[in-house]
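Asker: Keeping their order, the protein sequence lines are chains A and B. Numbered by the working numbering, the letters in the first sequence go through residues 299 to 543 in order. Numbered by the working numbering, the letters in the second sequence go through residues 2 to 483 in order.
No wet-lab data here; the hints were simulated from the structure. Don't take each hint at face value.
Unchecked claim - Restricting the straight-line Cα-Cα distance to at most 20 Å, the calculated cross-link-like pairs of lysine to aspartate or glutamate (EDC-like) are:
no., chain 1, residue 1, chain 2, residue 2
1, A, K398, B, E444
2, B, K427, A, E321
3, B, K401, B, D231
4, A, K406, B, E475
5, B, K323, B, D180
6, A, K408, B, E444
7, B, K445, A, E349
Here is how the chains run, residue by residue.
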Amino acid sequence: MLKINNLHANINGKEILKGINLEIKAGEVHAIMGPNGSGKSTLASVIAGKEDFEVTEGSVVLNGEDLADFAPEVRAHKGVFLSFQYPIEIPGVTVTNFIKTAINETRKAKGMEELPAKEMLQLIREKADLLEIDRKFLSRSLNEGFSGGEKKRNEIFQMAMLEPQLAILDETDSGLDIDALKVVANGVNKLKSEKNAVLLITHYQRLLDYIVPDFVHVLYNGKIVKSGGKELAYELEEKGYDWLK
Amino acid sequence: MSKFTEDDLKKELETKEYEYGFYTAIESDKFPVGLNEDVVIAISKKKNEPAWMTEWRLDAFRIWKEMTEPEWANVHYVKPSFQEISYYSAPKQKKKLDSLDEVDPELLKTFEKLGISIGEQKRLSNVAVDIVMDSVSVATTFKKTLNERGIIFCPISEAIQNHPELVKKYMGSIVPKTDNFYAALNSAVFSDGSFCYIPKGVTCPMELSTYFRINEGGTGQFERTLLIADEGSYVSYLEGCTAPARDENQLHAAVVELIALDDAEIKYSTVQNWFPGDKDGKGGVYNFVTKRGLCEKNAKISWTQVETGSAITWKYPSCILKGDNSVGEFYSIAVTNNFQQADTGTKMIHLGNNTKSTIISKGISAGHSHNSYRGLVQISPRANNARNFSQCDSLLMGDKCGAHTFPYIEVKNKSAQIEHEATTSKIGEDQLFYCNQRGINTEKAIALIVNGFGKDVLNKLPMEFAVEAQKLLEISLEGSVG
Numbered sequence: 299m300l301k302i303n304n305l306h307a308n309i310n311g312k313e314i315l316k317g318i319n320l321e322i323k324a325g326e327v328h329a330i331m332g333p334n335g336s337g338k339s340t341l342a343s344v345i346a347g348k349e350d351f352e353v354t355e356g357s358v359v360l361n362g363e364d365l366a367d368f369a370p371e372v373r374a375h376k377g378v379f380l381s382f383q384y385p386i387e388i389p390g391v392t393v394t395n396f397i398k399t400a401i402n403e404t405r406k407a408k409g410m411e412e413l414p415a416k417e418m419l420q421l422i423r424e425k426a427d428l429l430e431i432d433r434k435f436l437s438r439s440l441n442e443g444f445s446g447g448e449k450k451r452n453e454i455f456q457m458a459m460l461e462p463q464l465a466i467l468d469e470t471d472s473g474l475d476i477d478a479l480k481v482v483a484n485g486v487n488k489l490k491s492e493k494n495a496v497l498l499i500t501h502y503q504r505l506l507d508y509i510v511p512d513f514v515h516v517l518y519n520g521k522i523v524k525s526g527g528k529e530l531a532y533e534l535e536e537k538g539y540d541w542l543k
Numbered sequence: 002m003s004k005f006t007e008d009d010l011k012k013e014l015e016t017k018e019y020e021y022g023f024y025t026a027i028e029s030d031k032f033p034v035g036l037n038e039d040v041v042i043a044i045s046k047k048k049n050e051p052a053w054m055t056e057w058r059l060d061a062f063r064i065w066k067e068m069t070e071p072e073w074a075n076v077h078y079v080k081p082s083f084q085e086i087s088y089y090s091a092p093k094q095k096k097k098l099d100s101l102d103e104v105d106p107e108l109l110k111t112f113e114k115l116g117i118s119i120g121e122q123k124r125l126s127n128v129a130v131d132i133v134m135d136s137v138s139v140a141t142t143f144k145k146t147l148n149e150r151g152i153i154f155c156p157i158s159e160a161i162q163n164h165p166e167l168v169k170k171y172m173g174s175i176v177p178k179t180d181n182f183y184a185a186l187n188s189a190v191f192s193d194g195s196f197c198y199i200p201k202g203v204t205c206p207m208e209l210s211t212y213f214r215i216n217e218g219g220t221g222q223f224e225r226t227l228l229i230a231d232e233g234s235y236v237s238y239l240e241g242c243t244a245p246a247r248d249e250n251q252l253h254a255a256v257v258e259l260i261a262l263d264d265a266e267i268k269y270s271t272v273q274n275w276f277p278g279d280k281d282g283k284g285g286v287y288n289f290v291t292k293r294g295l296c297e298k299n300a301k302i303s304w305t306q307v308e309t310g311s312a313i314t315w316k317y318p319s320c321i322l323k324g325d326n327s328v329g330e331f332y333s334i335a336v337t338n339n340f341q342q343a344d345t346g347t348k349m350i351h352l353g354n355n356t357k358s359t360i361i362s363k364g365i366s367a368g369h370s371h372n373s374y375r376g377l378v379q380i381s382p383r384a385n386n387a388r389n390f391s392q393c394d395s396l397l398m399g400d401k402c403g404a405h406t407f408p409y410i411e412v413k414n415k416s417a418q419i420e421h422e423a424t425t426s427k428i429g430e431d432q433l434f435y436c437n438q439r440g441i442n443t444e445k446a447i448a449l450i451v452n453g454f455g456k457d458v459l460n461k462l463p464m465e466f467a468v469e470a471q472k473l474l475e476i477s478l479e480g481s482v483g
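Isolated chain A (complex conformation) (with noise of 0.2 Å):
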C-alpha cells in the first residue's frame, strides 16, 4: 500500500530525514520509535504533504501513485490521515460542523452526493459512543479549551469518521492517561481491518501493549537503524536508543 523510498526531505535547508526506506502492506500496523529530533513527526509530515518540508529526493509512493505530484487534501481524498500531535484549534467551528465539512468536501473529491444530515448524525453518534465521547463535546469550539486528552480522543474521533486507508498517529499517547489511552487504543483496534493499515509514531512502549505492532522501526537521526517484531519495542524500553547509535 504504501512505499517509502530513499527519502530525503530538508526544512529551511536543513536536512531531516536522510535516506528513510519503509513499505506497509494492508492490514499492517508498524510503530516508529526514535529519540527526540530523530526525524518522527517530519515523516508524518512529509507524508501528508506539508509544505514547509522540501523533498530532494526518493518518493513516497501510495496504491502505486507517487504522492508528490499531490496537495495536501488530494492526499487526505486518496485515503491519508495525520493525527496530529499538536492539534490545531479554530475558534467558532464546531467539531460536527468541522468533521461534517471534511467528510463532504472528501466525497465531492470523489464525486459522490454530500452525506444527508440524518446519515451524517447517525454516524456521528455512532462514532462518538465507540470514543466514549459525550455528545455535549461534539458542539464546542474544535480543539479550544481541550485538554491533551480530548484533543487526542477527538482525532481519533475523527480518523474514525473519514476511515482512511493509512492512518498516522503522531504521539498519539502524549497527554492522555491510562483509561482514555484504553479508549482510543480500542477505538483504533476496532477500525483496523485487512484494507488499511496504521503507522503509529511513538516515544514510549506503552501505548504498544494496546495497539499491537506487525513491526517496529528504530528511527534515529533521519534513518531507520533497525527494525523487528514487536518484542524489539520491550527491548527498547529496557536498553534505552544509545546502544543502536
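Let chain A serve as the given structure and place chain B on it in line with the hints.
Answerer: Chain B in isolation, oriented as in the chain A frame:
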C-alpha cells in the same frame, strides 16, 4: 366644504410662493450637475412635498454649505466633488429584459452561490416577471397582516404625504441636520427610503426584510430611514439585500434614525455588499452613513451589521441610552479585501441609570485593505451603574493588510463598569494545513475559519439572513489567498 382658516391661507400662500417663485427655476427631468437651493427645491417639488418639508431641506442645505468634509477617519481617498454630482435623476429605469438569458452570466453565478431563488433573481436583475409570481401575492398578504395591526411601513416619501405628524415630530430628532457633513447633505437631498411605525404594544409579526426585499428596488443614493417603535412594541428590521448590488452611484450618504420609546425593542440588521471596486482598487462605492437610535426607559436597540462591500465605509451605528435601564447592542462583521477601506464602529452614549451596552466587533482584513474599528463609550455624570462590555477582534489574512482599533472611553460617573477586550490573530499556516489534511481545500478552509471567527455576530442575524451572509463572506474573500 371645510372652513378655510387663516392658517390654511398662510400655508396656501407659502406653497404658492414656491410654486410660482422657486419651482419654475428648473423644469427638466434630468437635473444639471451641482447643488444649490434651486436644486433642493426642485427635488422637493418632484416629490410633491409639502412646504414644511421643502423648508426643512433648504435649512439643511444652508447648514451643509457651511460645513467641511470630516477628515478624522482612517481612510484615504480622492474626495468627491459635490458640485459635479447630479442630485436628482428620475428613478433609474433599467432596461427591462425578457429572460434570464440576457443577464450578465457573472451576476447569475453570484446569485447561484448565494442560493437566491429564480423568481428573485429575475426581480433583482430587472427581468420582467409574470404577474402571478409568488412574491406579489406574498407581498399583498404581508401588507394585509401589517395593516391589521396598525403597523405603518411605507416609503418615506409616502409617509411625508400621509403621516406628516409623525415625520415632523421625529425626522431629524435623532440625527439633526447639523450632526455632520453627510447627514446635512442627506437632509437636503435625500431621495427616498423607508418609514416604519409600530403602534403601542404591538409585536411586529414578521421580519420586515421579506417585504422590503420584495418591494424595494434600487434604494437610491441618499437613503433616509425613520423607524419608530412606540411604547412596548417590538420590531426586527432587515436592511439591504444580499444580492450583488450593481450601483453606478459612487457616493452614498444615508441616514437612519431609530426611536425606541419606553419598553420598546428594535432589532436592526444590515447586510451591505455594494461594489467594492475591482482587485486593483478602481471604482467602488463610497459609503458614508449616519445611523443612530434613541432608547427611552427600558427600551432596547440592537444593531447587527455585516459589511462586505463598498470601497470606503464610514459608518457608526450608535445608541443614545437616554432612559433608565435601557440597553444598546452593536454586533458587527466588517470584511475588507483588495484595496477596500473601512472605518466603522459604534457610539454608546449612556445617559440613564442602569444602562447597559454590548459591543462585539469582528474585523477581517485581506489583500491590501485596511479595516478600522472606532468606538466611543461615554458614561455621563448622571448615569449611575452603567455597564459596557466591548470586544474587538481582528483577523488578518496575508501580510499586506492592516487592522486598527480606536476605542474611546469617557467615563464621568464612578459607578460605571467598563470592560474592553481586543485580539488580533492571523489565519495560520498550521490551521490551513490541519484543514487540508482533513480533505478541506484552502479556499473552503478560509471560509470555515472566517465563519467561525464571525460566529458571535452571525448568530445575531435572523436565520434566513445568516445563511446568505455566511455565503457572502465566502464570496468576498474568494481569491484572497494563494
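Asker: Now look at each hint and say whether the structure bears it out.
Answerer: Evaluated hints:
1. A:K398 x B:E444: 16 Å, holds
2. B:K427 x A:E321: 39 Å, violated
3. B:K401 x B:D231: It is violated: about 48 Å lies between the C-alpha atoms, which goes past 20 Å.
4. A:K406 x B:E475: Holds, at about 18 Å.
5. B:K323 x B:D180: 18 Å, holds
6. A:K408 x B:E444: At roughly 18 Å apart (the allowed maximum being 20 Å), E444 of chain B and K408 of chain A satisfy the hint.
7. B:K445 x A:E349: Cα-Cα ~18 Å, so holds.
Hint compliance for this structure: hints 2, 3 are not met, and every other hint is.
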